[in-house]
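Put together the whole structure using the sequences plus the hints.
One line per chain: the protein sequences are A and B, in this order.
Every letter in the first sequence is one number past the one before it in this note's numbering, and letter 227, counting from 1, is 281.
Every letter in the second sequence is one number past the one before it in this note's numbering, and letter 35, counting from 1, is 51.
The hints are simulated quantities; they were obtained by calculation from the structure and are not laboratory data.
Ideal Cβ placement from N, Cα and C applies to all residues, glycine included.
Just so you know, not all the hints are guaranteed correct.
[What the hints assert, rightly or not] Chain B stretches covered by chain A per the calculated footprint, using a threshold of three residues with CB under 8 angstroms from any CB of chain A:
no. : stretch
1   : 61-70
2   : 79-91
3   : 103-116
4   : 155-169
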Amino acid sequence: MDVIAELSRPLLSPAFLVAATADTGRVGPLGLAGSLVLVAVVVAVSRWRHLDLGREVVVACTLALVQLLLVGVGLGLVVGDGHPLWPSWIWVAVMLVYAAWITSRRAPEVPGLFGLAWVALAAALAVSLAVVFGLGVFNLTSRTLVPTAGLIVGNALTSTVVVARRAVEDLRDKRSEVEARLALGLPAEQAARPHIRSALRTALSPQIERTRAVGLVALPGAMTGLLLAGVDPLVAVAVQAVVMYLVLGSAAVVGAVLALGLIPRLFTPDHRLRPLPRPADPT
Amino acid sequence: MAALFSFEGVAVAFQGVKILADVDLELPEGGCTVLVGPSGSGKSTLLRLCNRLEAPTAGLLRFRGEDVALLDPLRHRRRVGMVFQRPIAFGGNVLDNLRVARPDVTAAGAAEALARVGLPELFLEREQATLSGGEGQRACLARTLLAEPEVLLLDEPTASLDTDAAAGLERLAMSLAAGGTSLLWVTHDPAQADRLADRLVVVGGGRVEARWT
Chain A
55 MDVIAELSRP
65 LLSPAFLVAA
75 TADTGRVGPL
85 GLAGSLVLVA
95 VVVAVSRWRH
105 LDLGREVVVA
115 CTLALVQLLL
125 VGVGLGLVVG
135 DGHPLWPSWI
145 WVAVMLVYAA
155 WITSRRAPEV
165 PGLFGLAWVA
175 LAAALAVSLA
185 VVFGLGVFNL
195 TSRTLVPTAG
205 LIVGNALTST
215 VVVARRAVED
225 LRDKRSEVEA
235 RLALGLPAEQ
245 AARPHIRSAL
255 RTALSPQIER
265 TRAVGLVALP
275 GAMTGLLLAG
285 VDPLVAVAVQ
295 AVVMYLVLGS
305 AAVVGAVLAL
315 GLIPRLFTPD
325 HRLRPLPRPA
335 DPT
Chain B
17 MAALFSFEGV
27 AVAFQGVKIL
37 ADVDLELPEG
47 GCTVLVGPSG
57 SGKSTLLRLC
67 NRLEAPTAGL
77 LRFRGEDVAL
87 LDPLRHRRRV
97 GMVFQRPIAF
107 GGNVLDNLRV
117 ARPDVTAAGA
127 AEALARVGLP
137 ELFLEREQAT
147 LSGGEGQRAC
157 LARTLLAEPE
167 VLLLDEPTAS
177 LDTDAAAGLE
187 RLAMSLAAGG
197 TSLLWVTHDP
207 AQADRLADRL
217 VVVGGGRVEA
227 RWT
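This is the structure we're talking about:
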């Protein structure tokens, strides 16, 4: 079965509002309502174990549904057969800015992270899209651009936050070791190198492990979604493999760019480690 | 001849807290100058200024007449070496640690560096993190000396050592001073200051309170 034809299936067509057939996993309103039983399970567990998370769960699930519906409506305007590409590129650009903003909010202890995160995420996106579309893995259409870019940015965002926070924590906690290297006359980049390396490994190792274990422990999300939509399993596997390699590659690119950009932000021009106060306790 | 270090109205503040205020001080070349004072008095900050690990928020610091802010910081730190309060081990064995200071040091050169601080050659293969306090501090000194500094800053280097190890390190430092290396030694121990000092600077509350030659 043609991968592109499968990817082009209108998952958000009016058929979405009709109860799914048992074969394809399309979800209608009744099906969606039925899945709320699982949310009720979480609330019940929270009450039983006195976790006080019930309200938080309901709010989060409600927000998620509303956000997804809004995104779905928006995507319906942008993505589709015959749609021009420029609205999709605008969507991707907005995604990038928002992802960079989220990164800076999640790692406020890193000065100037918004700009650096934007550059790192953009680099990951550029490399990944160039490979995916330039080498013809997917055809470049509005229907393939936004989901692919979203997948790359979403996963690279996690790596960005992990690298940034871990690097700062390591440099802060091992300040004496960093300054002992600086005191020997080493430049900031060399003094920070073991700690940046540790941060990169921390970000990449889980991705590598997930890639190694894929299919053995659980079917990953992209493949599950495609199977539920009725795509041939081997086609779904091919797409999933592409997705995995995209995620791994983008994590590596993001990490590499961050590693270069963090040094000037965390050290002064005369190779002194800046004060790195701990972030305020959110409680 | 210009002083080794000249502090001219030097102040250091961090987040509104004054650590050093209006320090005017000249530290001459040669011998051992001891900076003594209670914990939190600012004496370690004075030392860190000399190695450019800190920068003044006001005033001017000169090294042999030149503004430290205008010197190449990496070259300056190799000329003005620093040993910290606790021995700091980088990953790997002692030889790996020595090569952080001088990547091209040969095994023979490394053995010579250890001999200079009274450690045997067989220590080269030992993991630096497994050395005792005294051994570790000597290994750190060997590492710093590989850069051939003209000045040695020692920030309470015996604070974490037992009496014998401390005495050994003091003798070692004095031999370096006798060999022409200028020492700046920070301590909170008046007895140690008395033993070591060719000249004494008393630091208190972020200010220089007295000095004797």
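**Study point:** Hints breached by this structure
**Key:** none
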